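Visitor: Kindly generate the complete structure, drawing on both the sequences and the hints.
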Amino acid sequence: MPETELVNIKINGIALKVPKGEMIIESAKRIGVEIPFFCYHPRLSMKEGGANCRMCLVEVASRMPDGSLRKMPKPQTSCSLPAAEGMEIETETEALNADRRGVLEFLLINHPLDCPICDRGGECPLQNNTLHYGPPTTRFIEEKRHFPKAYPLSQYVVFDRERCIHCARCTRFTRDISGDEELNFLWRGADMEVATFDHTEYNSRFSGNVIELCPVGALLSRPYRFKARPWDLQSVKSICTQCSNGCNIKLDYRLDRVLRVNARLNEDVNEEWTCDKGKFGMDYISDESRLRTPMIRRNGELSPASWEEALYLIASELKNVEGKVAGVGGAYSSNEDIYVFQKFIREMLGSKHIDHRMGPNFHSYNSGLLKRFGYPAMGNTIAELEDMKSTLIFGSDFVDEQPILYLRVRKGWRFKRNKVVEAAPQGLISEDVRHVTQFAEVSLNYKNGTELPLAQGLLAALLEDKGWPLEEQKLLSNISGKTVAQCALETGVDEKDIRKASELLATDKMCIFAGEYVTHSPDAAAILEALGDIAVLTGNAGNLNVPVTRNNEQGAMELGILPNMLPGYVPEQNPGMNTEEILNACVKGDLKVLWIMNTDLVKEYHNADLANSALDACRFVVVTSHSLTETAAKASVVLPVHSVAEQWGTFTNVERRVQAYRKAFEISPDIHAEWKVFSDLSSMLGSPMSYSDGKDILVEIVKSVPTFAKCGPNTLGDEGVILNPVAGGKE
Amino acid sequence: MAELKLLLKYRDVPGIENIDVWESCGGYEGLKKALTMERSAVIDEMKISAVRGRGGAGFPAWIKWSGVLKHTDAPHYLICNGDEGEPGTFKDRELMLKLAHQLVEGMIIAAYATNTDKGYVYIRGEFVEPAKSVRKAIDQAYAKGYLGRGILGREDFNFDLYIHMGAGSYECGEETALMSSLMGERGQPRLKFPHGALPVDAGVWESPTLINNVETYSCAPHILRNGGAWYASMGTERSKGTKIISVSGHVKKPGNYEIELGTPLMEMLDLAGGVIGGKLKAIIPGGSSVPILPAEKCVGVNMDYESCQAAGTMLGSGGFMVFNEKTDIVILMRRTAEFYAHESCGKCTPCREGTRWMFKILDRIVSGAGQPSDIDLLLNVCDQIDGRSYCPLGDAAAWPIRAGIKNFREEFEYWITHKKSPIGDDCVPPVPYRINPALIPLS
Amino acid sequence: MDKENSNSITPETDERTHCKKEGRFSSNAVAELEEIITHYPNKKAAMLPALWIAQREYGGYITPEAIREVARLLGRSKAEVEGVATFYSMYNFKPKGKHHLEVCTCLTCGCVGAYGVVHKLEEMLGIHLGETTPDGEFTLSEVECLDWCEAGTVIQVGNKYFGHVTKDNVEMVLEQLRESDDHTPTSLADDIVKILLPEGEPKSKVE
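Residue numbers (the numbering used here), protein chains in the order written: chain A, 1 to 731; chain B, 1 to 443; chain C, 1 to 207.
Derived from the structure by calculation, the hints contain no laboratory data. Note that the structure is predicted; figures quoted are calculated from it, not measured. Among the clues, some could well be false.
Said to hold, decoys possible - Listed next, with one range per pair, are the computed distances between beta-carbon atoms:
1) Pro372/B <-> Pro135/A: 17 to 27 Å
2) Asp168/C <-> Ile141/A: 35 to 45 Å
3) Thr93/A <-> Gly312/B: 18 to 28 Å
4) Thr200/A <-> His128/C: 26 to 36 Å
5) Met124/C <-> Val21/B: 49 to 59 Å
6) Gly368/B <-> His128/C: 15 to 25 Å
7) Gly227/B <-> His128/C: 51 to 61 Å
To be verified - Subject to a maximum C-alpha distance of 27 Å in a straight line, what follows is the list of computed DSSO-like cross-link-like pairs (lysine-lysine):
8) Lys192/B <-> Lys20/A
9) Lys509/A <-> Lys389/A
10) Lys192/B <-> Lys71/A
11) Lys297/B <-> Lys252/B
12) Lys120/C <-> Lys252/B
13) Lys237/A <-> Lys676/A
14) Lys250/A <-> Lys663/A
15) Lys74/A <-> Lys192/B
16) Lys70/B <-> Lys20/A
17) Lys194/C <-> Lys252/B
18) Lys120/C <-> Lys326/B
19) Lys144/B <-> Lys194/C
Claimed, not checked - Computed list of chain A residues with no C-beta within reach of chain C, every gap over 12 Å:
20) Arg188
21) Leu311
22) Glu580
23) Glu719
All residues carry an ideal CB built from backbone N, CA and C; glycine is no exception.
Guide: This is the structure we're talking about:
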């Protein structure tokens with residue numbers, strides 16, 4: 001990258017060097033000078049909004065070509081003023097204070113002073129700026145603007161139009177970041193109001209962010225409304241568990257209740273965003289449905305029991321198990337929990353039957369990726385995505401499967417003019433929600449189930465472009481000698497579109513995402529071979545991504561919750577049974593004990609009938625769980641285990657980043673950490689695995705699993721650490 | 001210095017809206033001459049003429065032209081600002097209605113000079129009749145080969161000219177708001193230099209853009225036909241050429257008058273037949289946005305950029321409004337404030353909130369509920385808007401009110417004390433007959 | 001060229017949009033819009049023209065259905081289209097009378113008798129400003145400067161300006177309008193759309 005040119009400026013007489021073109025409001029931060037603002041936000045575009053609140057005015061003198069200084073006659077907004085050589089800025093003059101007082105007086109003439117019942121009270125920029133700069137009284141004696149209070153925009157967001165100060169942060173967010181463009185201003189002048197189209201529901205995957213962006217109490221969370229005053233909340237750094245992206249969040253809680261979730265800055269992961277699934281989905285932690293005591297099946301009914309009872313029962317079952325035990329699940333537990341889980345199953349119980357996978361397709365595409373490219377899921381980091389000149393989203397409901405990755409890809413399109421090609425099955429693309437299709441350069445809308453011919457078509461188009469004779473192409477088993485035209489016919493996609501798409505892919509810095517329509521396809525391995533060929537042919541080997549979707553699914557892969565891999569992808573010489581085989585074995589009565597780790601098997605396993613039969617047939621089923629799920633209800637023993645709020649732990653996110661979360665509170669002393677369950681059982685079984693806390697376990701992982709070598713509890717920090725490459729993964 | 005018809009010279013020629021008649025009056029000669037010159041030489045001619053932008057700000061036209069020409073890689077765009085909306089101004093309407101070919105010729109010259117192949121005439125939505133004239137002129141110019149591909153046989157000069165109709169917004173007359181509107185957005189202003197790029201560097205669609213007023217483009221055919229030096233021989237030292245002044249209000253012969261810049265203001269008044277309905281009370285010389293001049297300050301002021309400024313007002317867009325002694329300045333200011341409150345785009349705090357507040361205060365005063373503190377409050381609100389808003393609309397809303405109070409403070413005091421007009425019941429505008437009327441609903 | 005700058009209107013099936021067929025632009029309107037889109041480097045720029053077409057197609061005012069249609073044809077979000085439409089005062093969102101009398105009461109007109117004209121119209125029509133006569137014939141509004149101040153008082157009725165109106169001659173204006181089917185909100189929109197389109201086929205297009 002070219003080095004940024006530095007310029008010399010002065011702020012309040014202090015000389016400093018800043019990158020040319022940096023906004024003065026940012027330069028001021030460098031020397032601890034705070035300039036008040038409302039509408040400014042560094043991640044929102046200035047071009048089509050911003051600089052509108054006029055709160056951040058400063059006095060500016062510019063250097064003229066002849067070297068003289070000329071003071072600009074009007075104060076300037078520092079949020080939009082790029083630093084230039086010789087510029088001299090004043091931020092604290094009497095005149096500027098008067099200007100700020102003026103702006104605040106204007107904002108307050110229509111703003112209702114209902115702060116005592118406003119959720120934003122206590123953390124409100126308008127309150128804070130008024131305290132510092134505002135007029136003590138108002139001279140406005142006319143009638144204020146009136147709107148209905150607390151108008152619900154969606155199930156999550158409630159809108160108080162009287163409080164709105166028209167900063168355009170929310171409207172810019174929907175255009176610049178989330179891309180749904182659901183919010184806009186109606187009318188003009190003092191009649192202007194934020195609204196959705198025709199007052200329909202605010203339909204967004206990311207609506208919760210506008211609550212945090214709103215500098216007043218106009219956009220508020222419905223679930224959190226009137227629940228607490230911010231100064232009564234305690235907060236803990238945590239990681240969202242609602243998908244694999246691993247958003248950094250703050251859990252705000254009182255006593256043992258999570259009251260709200262706010263984003264926590266991590267430039268490499270979620271920047272400062274969350275999706276609604278995460279922001280509004282963490283209330284399960286404090287839900288009434290949480291199990292607070294172990295349950296044991298007695299006379300066919302589950303009834304409460306003590307831990308001693310439950311563990312004793314399990315231990316007695318396990319004593320004579322002779323390896324006829326299997327473990328499934330693990331994608332929702334911490335790295336430490338699952339590490340101990342597999343250690344317990346493998347070393348303590350002598351079984352190789354362990355698997356976390358729930359999907360319909362057991363072709364091990366992950367091992368395929370590993371063999372070919374040396375990584376098991378994603379070859380790119382999240383942050384890299386915004387710099388990909390071209391991105392192919394193949395067979396994925398991307399915004400739902402990978403919300404944060406979606407935001408990165410869209411950011412690259414919006415702010416860096418990157419191109420996006422979408423290949424989605426018919427029916428997935430709807431007009432109701434604006435997602436990838438809205439900004440994709442080409443949308444390949446294929447017949448359901450034709451992922452393979454489409455991938456082959458793209459590959460064939462690339463090869464034709466490169467002038468490979470058809471005979472040679474036939475050598476590639478992936479194409480089987482197909483022409484683009486044949487593929488177009490099979491997939492129902494216009495041949496021209498396939499060719500246009502392949503042209504866009506033929507560039508450096510191209511990456512490919514394969515989603516669940518690929519991984520769930522019976523052809524998954526072949527599709528990924530073809531997509532891999534595209535990556536290789538375009539010089540982007542390593543940029544084929546098959547991201548996982550569940551909370552710690554990546555961790556489960558990394559730490560050997562697989563019948564054919566030990567932690568760190570060490571191949572198991574004689575692999576055990578996979579999930580399907582385990583369940584079939586249960587049905588046949590070949591297994592004595594089935595351990596289900598915090599997973600609602602009936603709901604998640606793609607074949608619910610098989611899952612049910614297996615649970616019914618298996619003699620002894622242990623389920624660790626947060627609540628009495630359908631699966632837990634069929635168990636012999638149910639053990640209540642910690643949620644993310646109740647212990648220290650780490651997750652591995654979709655890009656293989658290990659991130660730590662902290663304990664907030666305890667709900668009940670009778671809810672245990674999962675690792676502790678195994679630790680206690682191992683003692684009872686006679687060969688104790690003793691750990692005092694999760695950190696102990698992580699230390700052991702760091703020592704024994706080379707990919708985790710840099711992930712010690714003291715090195716993770718707030719940003720987390722990406723795992724080491726898999727040694728010898730690539731053949 | 002007096003009336004001097006240049007742009008309006010052929011206004012009354014029968015059939016002048018037809019291309020044949022325009023050609024018989026020397027039309028398209030300027031274009032033909034321009035095409036014999038280098039592009040930069042055309043701009044030099046504009047430079048010699050020293051013609052200044054007639055939209056209101058008075059910025060030398062040639063600087064913008066050369067700013068666009070210097071870009072060689074990106075597509076260029078030419079925009080004519082025909083979104084005339086300033087109360088008291090109606091020159092562009094007449095220039096488009098009757099002399100559309102003059103405008104089209106001027107734009108083609110500018111397109112050639114700036115190496116631009118696409119242009120838009122942005123016309124306010126209400127101007128259906130003038131826009132029809134421009135449509136006809138464009139169609140005729142295409143038919144004659146003045147527009148389109150290979151203009152007048154010049155293989156290297158292509159120019160397509162389109163019309164873009166506004167839909168009711170004063171703010172769109174501001175050049176960056178006009179660009180937003182042209183690009184299909186809300187008519188709100190965009191960042192200006194040094195916060196954003198100059199339009200000549202990155203205007204519409206991030207491309208170099210020349211944006212001039214109807215009157216400015218209309219000057220070009222004459223400057224090219226007769227030479228920049230000829231044009232510069234008219235007017236004053238710093239304000240060259242002619243200017244169309246739209247005279248309205250309490251005068252005998254309202255209408256558009258083209259004068260040499262520097263013509264005494266009182267002579268301007270005489271041209272329009274003088275005041276009717278009583279003695280002269282005040283003149284707003286440059287459209288509603290400029291400060292009002294009380295009669296006693298009108299003497300000695302000349303109609304040029306500098307003299308107007310020295311007198312504490314501005315030449316602006318040339319909307320010359322004359323008010324006789326029956327005029328109630330407070331009610332007039334209330335109506336002015338109502339205009340700006342209605343037309344504020346709402347983007348920035350001072351203008352959005354301040355204009356509506358000023359209107360509410362003034363409305364309260366003329367409804368008989370004024371308070372002594374209101375006058376200083378109004379002045380203070382003006383100060384809080386002026387120079388703090390995103391675009392000049394805020395300034396334009398503050399200046400007239402401030403000047404109204406400064407020059408006629410006793411009338412405000414009279415209203416507040418006596419709760420009635422100092423002029424009497426037959427004052428104009430009349431006392432608003434409904435207390436606290438709502439602004440016109442936007443729908 | 002990126003997608004935003006593409007000029008083609010993708011034909012979209014009903015299943016994709018869940019729109020009612022009858023809510024669509026006529027094929028003539030779509031053709032007009034397609035022609036207008038070629039005037040600009042991207043589709044979005046045709047927003048104001050598309051809204052003018054919509055105002056004509058949907059009977060003189062813009063319905064939510066019309067906004068949906070414009071959003072679909074231009075590939076923009078509905079909220080954005082509604083935001084743009086409501087910014088401009090000449091787009092209507094409620095039905096107007098057959099003749100929409102818009103009286104300029106701004107500075108000059110206001111000083112030369114506009115308020116007298118408004119009074120007289122209110123008396124004659126039996127309605128207040130902002131209202132429509134029960135027979136749907138007239139809507140009366142007050143507007144900002146129409147910029148024909150030399151002819152104050154000026155009234156805009158659809159596509160026509162009436163100048164030099166006084167409280168004494170305004171009755172003639174009404175009579176003239178009563179007999180006329182011209183100057184309606186729809187004819188205003190239609191005129192504007194026609195103005196945007198070159199006569200006949202474009203003569204020569206710069207590629």
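Visitor: Each of the hints needs a verdict: does it hold here or not?
Guide: Structure-based check of each hint:
no.: 1; hint: Pro372/B <-> Pro135/A: 17 to 27 Å; in the structure: holds (20 Å)
no.: 2; hint: Asp168/C <-> Ile141/A: 35 to 45 Å; in the structure: holds (41 Å)
no.: 3; hint: Thr93/A <-> Gly312/B: 18 to 28 Å; in the structure: holds (27 Å)
no.: 4; hint: Thr200/A <-> His128/C: 26 to 36 Å; in the structure: holds (33 Å)
no.: 5; hint: Met124/C <-> Val21/B: 49 to 59 Å; in the structure: violated (42 Å)
no.: 6; hint: Gly368/B <-> His128/C: 15 to 25 Å; in the structure: holds (21 Å)
no.: 7; hint: Gly227/B <-> His128/C: 51 to 61 Å; in the structure: holds (58 Å)
no.: 8; hint: Lys192/B <-> Lys20/A; in the structure: holds (18 Å)
no.: 9; hint: Lys509/A <-> Lys389/A; in the structure: holds (5 Å)
no.: 10; hint: Lys192/B <-> Lys71/A; in the structure: holds (17 Å)
no.: 11; hint: Lys297/B <-> Lys252/B; in the structure: holds (21 Å)
no.: 12; hint: Lys120/C <-> Lys252/B; in the structure: holds (25 Å)
no.: 13; hint: Lys237/A <-> Lys676/A; in the structure: holds (23 Å)
no.: 14; hint: Lys250/A <-> Lys663/A; in the structure: holds (11 Å)
no.: 15; hint: Lys74/A <-> Lys192/B; in the structure: holds (13 Å)
no.: 16; hint: Lys70/B <-> Lys20/A; in the structure: holds (24 Å)
no.: 17; hint: Lys194/C <-> Lys252/B; in the structure: violated (38 Å)
no.: 18; hint: Lys120/C <-> Lys326/B; in the structure: holds (21 Å)
no.: 19; hint: Lys144/B <-> Lys194/C; in the structure: holds (21 Å)
no.: 20; hint: Arg188; in the structure: violated (5 Å)
no.: 21; hint: Leu311; in the structure: holds (56 Å)
no.: 22; hint: Glu580; in the structure: holds (36 Å)
no.: 23; hint: Glu719; in the structure: holds (33 Å)
Violated hints, listed in ascending order, are 5, 17 and 20; each of the other numbered hints is respected by the structure.
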